[in-house]
Amino acid sequence: MKVLLIEDNKELAASVHDYLAREGYICEVSYTVNDAQEKLHLFQYDCILLDIMLPDGNGLALLEFVRSENIQSGILIISAKNALDDRINGLESGADDYLTKPFHLSELHARLRAIFRRKKLDGTNIVTFNEFILNTDTLEASVNGTVLDITRKEFDLLLYFLVNKNRVLSRQSIAAHLWGDYTDDLSNFDFVYQHVKNLRKKISAAEGTDYIDTVYGLGYKFNSAKE
Amino acid sequence: MKIVSKFTMWYLCISLIAMLIGGVFAYYQVRNGINNAETERLKNYNDIIAEQIRTGNAPDKYMRGRPVEIKILGKDAPITTAEVHQYTYYNPDIKHRECWLSVKSFYKINDETYSISSYNYVTKANEILMGLLSSFICIVALSLLFVIISGSVISKLILAPFYHTVKTIQTFSIKSKQKIQLPKTGTKELNELNVFLKKMTDKAVDEYAALKEFSENASHELQTPLAIIRSKMELLVESDITEEQAALIADMQNAIEKLSKINRSLTLLTKLENEEYDATKDIKFCRSAKDSLSAFSDLMEVKGICLHRQIDSNVTVMLNPALADILLNNLLSNAIRHNLPENGQIDVLLTKDKFCIKNTGNPPNIPTEDLFRRFKKVNQSGESIGIGLAIVKQICDLNKFKIRYTFEEGWHIIEINFRPISSSSKLLQNDERTLHPEIQL
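So the sequences go chain by chain: F and E. Counted from 1, the first sequence has number 225 at position 182 by this note's numbering; the numbering is strictly sequential. Counted from 1, the second sequence has number 1488 at position 124 by this note's numbering; the numbering is strictly sequential.
There's no promise every hint is true.
[Unchecked claim] Using 35 Å as the maximum straight-line C-alpha spacing, the simulated DSBU-like pairs for lysine-lysine come out as follows:
#1 F:K196 x E:K1654
#2 E:K1622 x F:K245
#3 E:K1740 x E:K1718
#4 E:K1541 x E:K1654
#5 F:K196 x E:K1716
[As the list claims (entries may be wrong)] Simulated restraints on C-beta separations:
#6 E:S1658 x F:N168: 17 to 25 Å
#7 E:T1644 x F:N168: 33 to 41 Å
#8 E:K1567 x F:G223: 53 to 61 Å
#9 F:E71 x E:Q1609: 29 to 37 Å
#10 F:E71 x E:F1771: 53 to 61 Å
#11 F:Q237 x E:D1734: 29 to 37 Å
#12 E:G1774 x F:T167: 50 to 58 Å
#13 E:D1734 x F:V190: 26 to 34 Å
#14 F:K53 x E:N1627: 17 to 25 Å
#15 F:T167 x E:T1644: 37 to 45 Å
#16 F:Q237 x E:G1774: 24 to 32 Å
#17 F:K269 x E:K1740: 19 to 27 Å
#18 F:D78 x E:N1627: 28 to 36 Å
#19 F:V190 x E:I1675: 25 to 33 Å
[Stated by the list, open to error] Just a few of them, taken from the derived set where beta-carbon distance is under 7 Å, the chain E residues facing chain F:
#20 S1379
#21 I1381
#22 T1588
#23 L1590
#24 A1591
#25 I1592
#26 R1594
#27 E1598
#28 L1599
#29 A1610
#30 A1614
#31 E1621
#32 D1662
#33 R1783
Just so you know, the hints here were simulated from the structure itself, not pulled from any lab data. Nothing here was measured: the structure is a model prediction, and the numbers come from that model. The beta carbon of each residue, even a glycine, is placed where N, CA and C say it ideally should be.
All chains should be modelled from the sequences, with the hints used to inform the complete structure.
What follows is the structure in structure tokens.
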């Protein structure tokens, strides 16, 4: 997947770039609107990660540009401004999703994959890994051909693991992914633990490999190298 | 009381006092004038008679039947100045009190001392008083009439710019960023008021804009470094780390999580206070409630909480949809978190007029109303940041819902009344009307 990241903060851009590069994506970075426009003229991208506040202009203006140039990339807005207007304006101007800072890189990646799937850029809504087959339209997951009896949250969790294979997923990022940001609650981690436990039980019951490892006190990791 | 009525009242009071003092003064002036004139006339009369006696003429030549008393007092009687006497008596013939003035003068004529005394009836002081009184009452009545008529006409003219200012201030909204325009008037005080109001409102608008900018900037400027720390930390845990390091990183992640939640909640509160989330249309609150309940259903299941719900359909509430979600999520997550560790229960009731959520739990150790304040928690070391209910309260205040938190027999009860103000708000408006009736001008 080819991604254009438009973000004026160099440190943050470097983090995102590193994370996506490790996934094997081609990630190019623009720090300004001008530079981004130039790159969009010259190359094609599957996805655009767009910050709203840029030194030489507003990211929303760039959305207009993308639309007028008829560029077919998926667009994910990443902004510190959680102003409702921006969110609505962004989505109405053709963005596919909106993520507010500070975000988890794993969450960013999951959203990116979701846009990718929705736009059917890889032509399918099926996510597969070894014995796992997940249908993101019907929310059905099967292991070795057996359909797992899992809840919506457990499906989301499994998909989150599969998208972020071999990554340490902190409990915070899982909680934020499953329940959103606005709960003033840090004890959701207990529930993360419960959900992971249930998911593992159900996978084992269907005779799937338990790929999910616990990483010290940090969180969990979907270890694809496990046999 | 209208300003013009106040002016009229004061003017009338002052003119009444002036009239009273003037009346008394005029009464004495007139009375003394009459008495003095009469006294002078009688004195002169006495003098003429004395002259006639001195020249040897019979006094009745001039007297012509006028009542005069002439006495010879003897050689050695002293000559003093004229004595003036005034008597008032009731005359039964004409059924009227009469006033009688007599002047007694002394003369030395041919070595004999004569006293010549003459008298006359004078106009009584009471009659003057009555005349004065009726004319004063007439003057007061006339001036009252003129003052009231001219007062209402002139006050409209003079106070027109003032009412204009009042109207402008009433329609002034700090949110609209529109500075007020006040015309220059011919009155010094009004000009001062207008200049002051303009300065004040301009400052308020500027401060509000600055505050808004600050809240946006604070959010932006803090979120970006937080995003950097968080992303670097995520990359760090990917690297080869020991268990010890992992524990340190886990603590840091927790702290960052808390920090970003506090920041987000505070900026949300600021935005709520700035009234950036206006309710523009009715939303289906029953749908939001059902969605939220299903989003939390698995959490309740994990904690073994039993949920009873009774949600009426077609419940519409005027509320911003994003705020409805925040409101419900905060209340539900609170009800789950502060529930009993075992056999917990949650009751959710939604009707056309109110939303009520009850949960079992330990009794609070601080007054329940205090829990609406920021960073107030039952358990200060708990895992929550204690801002959820403050946000809920703010949302309710903003949309004029009435919220009540009580603890009864092991149940925490939060009740939100959507339409408590339909009657009282009208009352409030009426109150304002009666307080400023001139505003309708």
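The hints, checked one at a time:
1. F:K196 x E:K1654: At roughly 17 Å apart (the allowed maximum being 35 Å), K1654 of chain E and K196 of chain F satisfy the hint.
2. E:K1622 x F:K245: holds, 32 Å
3. E:K1740 x E:K1718: Within the cut-off at roughly 25 Å; holds.
4. E:K1541 x E:K1654: Distance ~39 Å between K1541 of chain E and K1654 of chain E Cα, so the pair is violated.
5. F:K196 x E:K1716: With Cα atoms ~31 Å apart, K196 of chain F and K1716 of chain E stay inside 35 Å; holds.
6. E:S1658 x F:N168: 17 to 25 Å: holds, 23 Å
7. E:T1644 x F:N168: 33 to 41 Å: holds, 35 Å
8. E:K1567 x F:G223: 53 to 61 Å: Violated: the Cβ-Cβ distance is about 39 Å, outside 53 to 61 Å.
9. F:E71 x E:Q1609: 29 to 37 Å: Holds - the Cβ-Cβ distance for E71 of chain F and Q1609 of chain E, about 32 Å, lies within 29 to 37 Å.
10. F:E71 x E:F1771: 53 to 61 Å: holds, 58 Å
11. F:Q237 x E:D1734: 29 to 37 Å: holds, 32 Å
12. E:G1774 x F:T167: 50 to 58 Å: holds, 53 Å
13. E:D1734 x F:V190: 26 to 34 Å: violated, 51 Å
14. F:K53 x E:N1627: 17 to 25 Å: Holds - the Cβ-Cβ distance for K53 of chain F and N1627 of chain E, about 22 Å, lies within 17 to 25 Å.
15. F:T167 x E:T1644: 37 to 45 Å: For T1644 of chain E against T167 of chain F, whose Cβ atoms are near 40 Å apart, the range 37 to 45 Å holds.
16. F:Q237 x E:G1774: 24 to 32 Å: At roughly 26 Å between Cβ atoms, G1774 of chain E and Q237 of chain F fall inside 24 to 32 Å, so the hint holds.
17. F:K269 x E:K1740: 19 to 27 Å: violated, 47 Å
18. F:D78 x E:N1627: 28 to 36 Å: Between D78 of chain F and N1627 of chain E, where Cβ atoms are some 30 Å apart, the hint holds.
19. F:V190 x E:I1675: 25 to 33 Å: holds, 32 Å
20. S1379: violated, 63 Å
21. I1381: Result: violated, 66 Å to nearest chain F Cβ.
22. T1588: Status holds, d = 5 Å.
23. L1590: holds, 4 Å
24. A1591: With a closest approach of 4 Å, the A1591 of chain E hint holds.
25. I1592: holds, 5 Å
26. R1594: holds, 5 Å
27. E1598: Holds - the Cβ of E1598 of chain E comes within 7 Å of chain F, reaching about 5 Å at its closest.
28. L1599: holds, 6 Å
29. A1610: holds, 4 Å
30. A1614: A1614 of chain E check passes; min Cβ-Cβ to chain F is 4 Å, inside 7 Å.
31. E1621: holds, 5 Å
32. D1662: holds, 5 Å
33. R1783: violated, 25 Å
Checked against the numbered hints given earlier, the structure breaks hints 4, 8, 13, 17, 20, 21, 33 and satisfies all the rest.
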